[in-house]
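Novice: Those sequence lines, one after another, are chains A and B. 0 is the number of the first residue of the first sequence in numbering that gives the first Met the number 0; add one for each residue after it. 0 is the number of the first residue of the second sequence in numbering that gives the first Met the number 0; add one for each residue after it.
I should point out that these hints are in silico values taken from the structure, not numbers from a laboratory. Virtual Cβ for every residue (Gly too), placed ideally from N, Cα, C. Among these hints, one or two may not hold up.
Here are a few chain B residues that face chain A, going by a calculated C-beta distance under 10 Å [to be verified]:
#	residue
1	V132
2	E171
3	V202
4	A211
5	K212
6	T222
7	I226
8	A229
Listed here are the chains, written in short residue letters.
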Amino acid sequence: MPKWSLFYRCGLLALLSLVVSAPANATGLDDVLNQENSELGVGLKPAPIANDLVFLRRLSIDLIGRIPTEDEIQEYLALPKTTRRTQVVEKLLASDRFSDRWTTFFADMLRLRSNAEGGSTLIAFVHKAVEEGMPYDELCRRLISAGGKSGAVPEVGFILSDNADPLALAGITSQVFLGVRMACAECHDHPFDKWTREEFYGLAAYFGKTRRVQRRFQNRILATYTTEVDQTTVLWPPPGVGEASDRKPIAPTFPIALIKDDGKQPYLKRFAKVRASRDDLLAKVTKGKKPSGESSLDDLLSSADKRVKRRTAGDIDSGLGVLDEAKRDVEKIDVKAAGYRPSDLRQELARQVTSPRNRYFSRAFVNRVWKELVGVGFVEPIDDFSSENDFNHPQTLDYLADEFVAEGFDLRGLIRQIVGSEAYQREHAGDVDEATRLEMENAFIATPMRRMISETLYDSIVVAGHMAAVKHEAGKNMKIAWRATRVIKQPDATTPKVKPSELVKSGQPTKKMKKPVVVASSPYDLEKAIELDFDKLLKGSDSAIEVEKMMAKSAEEIEAERMLAQERRLQADYFDRYVRAEYDDNPSFNSSYRMASPAAPEHFLRVFGQPGRTELGDFRDTSASMRQQLMILNGRLTHEASRVGELEPLHRLLVGKNADLQAAIQLAYREVLTRNPSKTDLSDATEIINSADDRLAGMADLRWVLLNSNEFRFLP
Amino acid sequence: MTKSCTDYRVTRRAMLGATGAAGATLLGMPVQQLLAYAGTAGAQKAEHVILFWNGGGMTHLDTWDPKPGRPTQGEFEPIDTSAPGVQISEIFPQLAKQMHHCSLIRSIAGTQGAHGPATYNLQTSYVDAGILVHPGIGSVVAHQLERKGDLPSYISISGRARRATYLGQKCEAYYVPAPGQQDPYLSFPEGIAKVRGDRRLEVLARYNSRFAKGKGGAQLKNTQTAIDEAIGLMRSPALKAFDLDTVPTTTLNRYGDTTFGRGAILAKRLVETGVRFVQINRGGFDTHGNNFPALRAHGEVMDPALASLIEDLAETGMLKKTLVLMLSEFGRTPRVNMNAGRDHWASCFSCFMAGGGIKGGTVVGSSDKDGYQPNDRPVAVPDIHATLCNAMGIDPDTEVLTPLQRPMKLVDNGKPVGELLA
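Build out the structure end to end from the sequences listed, making use of the hints.
Specialist: So this is what it looks like as structure tokens:
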């Protein structure tokens, strides 16, 4: 689909969703929950509603993935007491960071990986969808039914990333979108649930005619795309059952019965109304702007391929010229022919899966979002809705699910309802015994202890320590580094102009320069990462021939090249030399929500639980580990965040004629913990600061302790 | 409580159990199997593993399985070793003197001929089949055996190890980019002196315990345990093992003053402090061209290190408790190609084992006269992992649950190579 169409529509939908969304009002939700609790015989006294600052901190963490700044706190406190909570919810829902934070939610759910085929573009696409308020059902329809070329059609990355394997995709579709672990039925009838093996194959059959095709030219990937063929690969009975000759294509069948629209479900009526008005507006805007897709991408690519082959045949050099031409050919196709052959089967499946009458679809998503915000799901594990798995508060779940549908599958609307509820705004259970605490949390009348997810922890440290931009004056952090470079001795060259002491044996600095600081990124640099430019990724998608990026060299070739280079080095006479470099080490850190993800295995984010996103059901791990502690106790991130920079407001409260230690401590507490210090806190903090060499060092000590404390990383 | 595939399995077992005593289970394990393990419990078990991982696919013919007089022999001659009747390639002259401690398998019948899938297969025992990612064998050991000493159970040197996946964060390898390199996360940040750092930790403990008052749940407690473990490690004398500056020059020279040699020294020091599994990674074995000079150079690096390691471990008695293992992705084509190289060959290759729980001086299986196919006693890849587990007293058929509650065996249906077990 051409770019204008895709994003114009998304943008319009965003506009529409603002117009039609119901105003935040969670009383309905609270009523249903209270009613259900009394039916369940929950007699415990609910925990009180948390105070305004606790709410702000909790909400900021959940909605924008970081703690609030001092400015945000003051702005919030300046709002009228009766409306400030609803006002700040609206403000945060509209924030850019909301899209970043909730893209990560989708990235975990959909297992999006920057390093997968078209993965970064797909992440950028989801980001755009969240940003512009694309309804959840539409997002899923696109992911399930998209076809075309990786990069050019960003959402096709979803089908391509699992190799377009029908059985894998059936397992993913059922588990991720419907919350049903049907993949068990790949090997046997589901033991306790109703799903049979045949039903699973029937579901897989929707994907049976889709193929993943990769076109290469001289080991470079020119294009990876889906195509639809007439033959299905999904046969019944499966291998191992019966004779091979009996295996026949199985008819695609959707295993879930949709509820009837007999006029008894008011939420379906509301949904129909919301959608009709949206469609009307859409029709007006898109009139006469239909994309013109004629021949399939497959056909076009294969003719380009033939031309390449003809050229190569007469070309001994087979150098870059041919490659460039090949690139141009394929690029041209992308621009004019987005018309890939669509998959009727997958479109049909997408319709069934995302139908407002499919309760599994809305329940599964609502349950995920609820768990993310409240900490305990209606169903756990969150993707295991089965007849054997008891629902916790089914009426409340269904109320929310129906509301979600009625408002047109609007993510922001759903979040607005949840965070506006008392269930979200309560304090922790407090000093009660373990059984009572669990009972309260399961009845949603107390907030369970939740640790910030890794990205939020990272970004919160960055913002608490004023590190989004530099905080020290230029030249205040000069460091000297010895950068190692390997120099090949030229036979005729004169002796290199370095002091003899700097001429050291390979990898062995002399005594004098023991432990030189090497500026180049070290394998231990586990707290930074590559930033993704979402806009650029999507802009590139019209002519997204990512040949340079996707050097499809085989591992053997890479190894062979490496060996060759090694051999050359072994033959050459070389020496290592350390070059002295002075640099200003004035740190600043980017938002981790914009990093290529998942991060490297030993990276801060992974150590704190960012999932690898390869396995189904691989959720965020918020458990504690020794490695986490080492990284946060001794890492550069917390260290730099603790140090007080001359450019941050705290500085002038600590030194100079306007110094005010008490005000400094209060500010530090608000910036790190979003609260004012208690009397005990104040005297403790004063003692810590006074026992240090100077106030700046003392404040660094205090901030280090606060950033490392459990109070910081666990939500209030 | 969720019923899942596991319950299905138990139910089926219970049903089988009802049909006869042969199917009876105890602790989820068939009785015969339990008996079998009880029988081997008396033997000395390995407590540590040192795995040398040779990336790229090391030629079997020019190392462990020479073919003298055959057209596939290549440029090297076989030499006699301290193990009667066992010959290895001339590129390992020092190791030859230690071969009475060491064993070889010469009939591994691999199935994966490309780097990625073969690495996966040799490091996990499983064949890469898409969505479910299996843990590396080092994580399996870390999962099954208690941590010993202050250092992490599983340490990977000079390269990354496979992930622990469903075995959990605690079974991930601790990563040392290069032997001798110090992990900056083990000491206070630059500019924070010990006194100041210790004071910070002391204040932090006070703050955390005040915060924990009146709050339940395991999470806070687990965080505190993790902090205590981290501080324990930072202050542990065992960290000295990582610092190779104190290694005498004579020792360095014996092992060969190379990254690989230093890796072997580090591995030895780590297992001595109690580390369960050390993996040392090294590449450069994908010898599609110029196979012979490359292997000679590899020999010069590997031979002194490996020989000295075995000798030193044997001298202190550690070898009895330490299984030393050298694995690669696959072997290489017996036929030498036009670039004087050898290409990928998975149908038949060799591996090297020594020490804990393993009989020395043994050769299991043989390849055919040119090294193309196993001649007798074909050994499947998972059998190697099962042998490792067995040598450590771990039942390779133990099942663990994946995130989808699907039971997976620690090793993909491997059978321990009985001839090797001491």
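Novice: Are there hints from earlier that the structure breaks, and if so, what are their numbers?
Specialist: The structure conflicts with no hint, since it agrees with every one listed earlier.
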